[in-house]
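Student: If you want the building blocks of each chain, they are given just below.
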Amino acid sequence: MADSIDKVRADLEAESLDTDEQIETFRIKYLGRKQGVITDLFAGIRDVEGPERGAYGQRVNELKRRAEDRIDEARRRGASAATVERPDVTLPGRPLPVGSLHPITQTAEEIRRVFARLGYSVAEGPEIEDDFHNFTALNFPANHPARDMQDTLFLEPPPPQGRGVLLRTHTSPVQIRVMESSRPPYRVIVPGRVYRNEAISYKSYCLFHQVEGLCIDEGVTMADLKETLTLFAREMFGSDVVMRFRPSFFPFTEPSAEVDILWKDDSGNGGRWLEILGCGMVDPNVLDAVDVDPERYTGFAFGMGIERIAMLRHGIDDIRLLYENDVRFLAQF
Amino acid sequence: MKISFDWLREYVDIDVTPAELAERLTLLGFEVDGMVEIGPKSLDGVVVGRVLDVRKHPDADRLVLCDVDTGTGEPVQIVCGAPNVAADQLVPVALPGTVLHLRDRDDRSKRVAVKLQKTKIRGEVSNGMICAEDELGLSDDHSGIMVLADDAKVGSLLSDYLGDRARADAVFDIELTPNRPDAICHIGIAREVAALYGRSLRLPEGVEAPDMPEAARVRVDIENPDGCGRYVGILVTGIKVSDSPDWMARRLKAVDLRPRNNIVDITNYVMLECGQPLHAFDYDRLSEGRIVVRNARDGMRFTTLDDVDRKLDAEMLMICDGSSEVAVAGVMGGENSEVTSDTVNVLIESAWFDPASIRRTARALGLQTDASYRFERGVDPNGALRAAVRAASLMVSLAGGSIDEIVDAHPRPQKSRRVELRPERVGRILGVELERERIVELLSSIEIETSVEDDRLVCVVPTFRPDIEREIDLIEEVARRVGFDNIPAPRRTEIPYTVGSRNAASDRRYDILRFLSGLGFREIYTNSLVSPATAQRYARLLDEDGEAIATHNAISHEMSALRTSLLPGGLQIVAHNVRHGFRDVRFSEFGHVFHRGGGAGDPRPSWVDGYVERESLLLLLSGAAELQAWDRSARRADFFDLKGIINAVTQVVGVSEITYQGLEGNGAIASDLIGVHSAEVQLGLAGQVSEALLDELDIEQPVFFAELVWPVLVTSATDVGSKRYTPVSRFPAVVRDLAVVVDQEVTAASILETVKAVSSMLSSIEIFDVYRGPEIGAGKKSVAFSLSFRAGRTLTDQEVDALIDQIVASLSSKWNAQLRAK
Chain R
2 MADSIDKVRA DLEAESLDTD EQIETFRIKY LGRKQGVITD LFAGIRDVEG
52 PERGAYGQRV NELKRRAEDR IDEARRRGAS AATVERPDVT LPGRPLPVGS
102 LHPITQTAEE IRRVFARLGY SVAEGPEIED DFHNFTALNF PANHPARDMQ
152 DTLFLEPPPP QGRGVLLRTH TSPVQIRVME SSRPPYRVIV PGRVYRNEAI
202 SYKSYCLFHQ VEGLCIDEGV TMADLKETLT LFAREMFGSD VVMRFRPSFF
252 PFTEPSAEVD ILWKDDSGNG GRWLEILGCG MVDPNVLDAV DVDPERYTGF
302 AFGMGIERIA MLRHGIDDIR LLYENDVRFL AQF
Chain C
65 MKISFDWLRE YVDIDVTPAE LAERLTLLGF EVDGMVEIGP KSLDGVVVGR
115 VLDVRKHPDA DRLVLCDVDT GTGEPVQIVC GAPNVAADQL VPVALPGTVL
165 HLRDRDDRSK RVAVKLQKTK IRGEVSNGMI CAEDELGLSD DHSGIMVLAD
215 DAKVGSLLSD YLGDRARADA VFDIELTPNR PDAICHIGIA REVAALYGRS
265 LRLPEGVEAP DMPEAARVRV DIENPDGCGR YVGILVTGIK VSDSPDWMAR
315 RLKAVDLRPR NNIVDITNYV MLECGQPLHA FDYDRLSEGR IVVRNARDGM
365 RFTTLDDVDR KLDAEMLMIC DGSSEVAVAG VMGGENSEVT SDTVNVLIES
415 AWFDPASIRR TARALGLQTD ASYRFERGVD PNGALRAAVR AASLMVSLAG
465 GSIDEIVDAH PRPQKSRRVE LRPERVGRIL GVELERERIV ELLSSIEIET
515 SVEDDRLVCV VPTFRPDIER EIDLIEEVAR RVGFDNIPAP RRTEIPYTVG
565 SRNAASDRRY DILRFLSGLG FREIYTNSLV SPATAQRYAR LLDEDGEAIA
615 THNAISHEMS ALRTSLLPGG LQIVAHNVRH GFRDVRFSEF GHVFHRGGGA
665 GDPRPSWVDG YVERESLLLL LSGAAELQAW DRSARRADFF DLKGIINAVT
715 QVVGVSEITY QGLEGNGAIA SDLIGVHSAE VQLGLAGQVS EALLDELDIE
765 QPVFFAELVW PVLVTSATDV GSKRYTPVSR FPAVVRDLAV VVDQEVTAAS
815 ILETVKAVSS MLSSIEIFDV YRGPEIGAGK KSVAFSLSFR AGRTLTDQEV
865 DALIDQIVAS LSSKWNAQLR AK
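Sequences listed follow chains R and C, in order.
Position 235 (the first sequence) corresponds to 236 in the working numbering; numbering is contiguous.
Position 387 (the second sequence) corresponds to 451 in the working numbering; numbering is contiguous.
None of these hints come from the bench; they were simulated from the model.
The beta-carbon is built from N, C-alpha and C at its ideal position, and this holds for glycine as well.
Everything hinted at is true.
Derived list of chain R stretches under chain C, where covered just means 3 residues or more per stretch with a C-beta under 8 Å from a C-beta of chain C: (1) 103-111; (2) 129-138; (3) 142-149; (4) 182-195; (5) 224-233; (6) 248-262; (7) 321-327.
Next up, chain R with everything else stripped away, as it sits in the complex (with noise of 0.2 Å):
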């Protein structure tokens, strides 16, 4: 036994260790757990008998030691040399492919936060919608000139078989779903997709995205409705963003507003003003078409179109890049 350790001690002093590969190698070869020398000579403690057993395993223990100081020695020696193989960490990592979010998901999602904190849910409606729906509950009466403030693309077949199914305008009607299938109050915020008759340019496209907001219960007033949307603009575009409202129309509010935001640019004077969304107090005849009594409850409603924010925040200015789907583009977001 005692022999086999000399014999070991005198081949790892022999051992050259000049090299990581040569360092490995004498690693492995004595203290391997598998198959190391060391590692054996250890197992054969308990084959020992009797008194010799501690100074054999005293034995064992030094010339491990010994083992993993040439170790240590060879690879120090080997940082400060400079012919030893070292990976070069300047190399690229392994690519992975990355994904993205698209601007109209990332800012309709920011939208959405904003109003979750404030206590909106989402609701989610139908793209083909019916008259009732799209106009006649939001207080659009039939051939009024209000209807043509939306082109609107209608399915086959025609009215008046077809009862003038659409594909909706605006995301109002799940307004109407919503406030027919529960009772008030109502906090909810409408994402979604709509759709106009226009030709396609720089600056429309057939379709695009609207979030829309309803909040009705008892003693809600226009001034909550300027205060919610303050809120929202001064999350949206920082707390010293410049508003104004200003009187408009809609069918489905009264009073009915534009909100604009001043926007800073380099045309010297200021800015521009550009609008970001319409809004109102909610018409009593919507209230009721759907058996909501107009006298207990008031509340207020909003529109925002994506695109435009998105394009507006980003400095995007033509809307067609939104559908082109360029990863160019869309790896920018």
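The hints should help you fit chain C onto chain R, whose structure is shown.
Tutor: Just chain C, lined up with the frame of chain R:
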């Protein structure tokens, strides 16, 4: 709508700049979309001069030297480049020191202020500039210098000579909302401006109808009084058709209306003044001097003033004379009764037509005119007579005629509407408390008179405001006059004790997009409108009975159907990017797809009967599965990368135990099509896009896709809250590898199914190798898998050996499998 600032000042005093007024109008609800300043900014320093002599410039071919008398007694030399300059002309001369607003050389739409100086041009002294109309801001004409008429006085100021022609103006482009027919004219806007600044409104004088004997030469019969509530006709005789005076022509041009002749211009002028559309007939071309208002006969034809032959229907209201149609009521007149240069007697029409009827007719004819635009919004039923008299008076003074007869057929008189307003309701809607007196004052500024009854205000609304019918309409007027910016922010607000409902489809959609982004997928948005051929071709991919839906009034043929699958749109995006050299792509899209059907007895999701609508999730994978790196080459994605992704996605959504089943059909779209299932429910499908389809799209690399029906996926998912914990076994698993040789046709799925059926102690099974080779034998393959066994105790080797034997036996009997290695 175009509104001239200068014209507005005819009716109300304004002492702010056009830009300031534009801002205030916008905040009042009349959004000024653009403003164009016309006319000279200033003509200070521009005088009338006479060209005494024109000589060649010694050093420039295109320039001449002019001696010009500017009234100082001492002629000055001016260098000029205009082709039309000649001796003896009277011309405008800008003297040194004058500021001209010249067009920017780089951007001719802009003007820059330039101060003229005495200068030398190519060595010759020039004491000012002989100007073109464009350089003075008088017009866009820069073809040559402006040559003045003989009555111009040398040395006098050009602005004195030009008088009205030198007047500056600003024209607003107002985006008018459809609820304000009263404001489609200058007086309407002036009324708002007067209320805004607390000024009084100056209406044109001489609009009261003079007392006339009963008409004998004109007769008006209204056969459809619902369609035509009032018809005023005034016969003006002895007129002379000629050009309009400058002031009128200038105003019409300012608002983009081309002057025609004094008669037509007057009808337009009065319409733009007070909002009442007028029509002038050549009285002598009207048979029997009669006007009959009645509906058209179905299918008859009529040629309108624009020289278009139009087909009429029985719902269209027509103006007829004693024998035939002479105008489409409220839309456009006819050629047969048009005023010409020979006209001497004119019948002015000023009527009230039913808005819905006019709108219907205008749409049916595809013809929107200034008249129909106003009628369909609702003109003042009590303004017809005043407007007609105003036009007649102008014809008398400008065309030399006299008012001969007035007929006022008025079968449906309309009274001012009375609307009640509860002052406390104003606060409940606006959130700002207003005194009753304040409300009264605000309403009275726009001519709404109020009286108090009990606690309510009874408001009398003038007939020019058809939009005010209800209490809420009055509250809106109050809000507009208070100013939206003056509604204060509330200090606090009540929030109801409710928690909004969760929307799993929406929440999970965002979560899964995030996850897919982590897997390298870029989210895309594509058009839902596709060609009918595309819609039909993919109609049965997701819906075995699928039929495409067409749009009725398509934007174009290529966008005249609704997509039945997200796949074609996504493939276009793959093609686009591959074409641009981006070959390693992964795309995801959420979107709705549409099919015919739905309704009673049809289980497919539908909100509107006859139309099925589903939300779908598309995954597209093409190019590398593993990207090339400095120590390895790229590995191309294949079918099994796609399956791995589907497994991961469904697992993240919360759907466990996905199975796949081969699907028949649709070979034209996809090869290797498989259905993706969870329990009994089909979640969607996946496959490799067919070669033929890729050829069409010019994509020269395999593309893999999956389309999953999102609501089905979401409802198949286990909610986190309902998950139950299973204790993790304290006992070690026993792992064994096994390889069997089977016929090529035996599928992996059937082997796995057979193995799984043997024992519940089998906790997992994974195929780690499939091999074909000569040593296995022709038509055979070796499948190697790793098995883990687990139980609520430590399993012995003997137990596991027995299970392995059972598995081998079962595979052998079912699939004729030979054990290759254990």
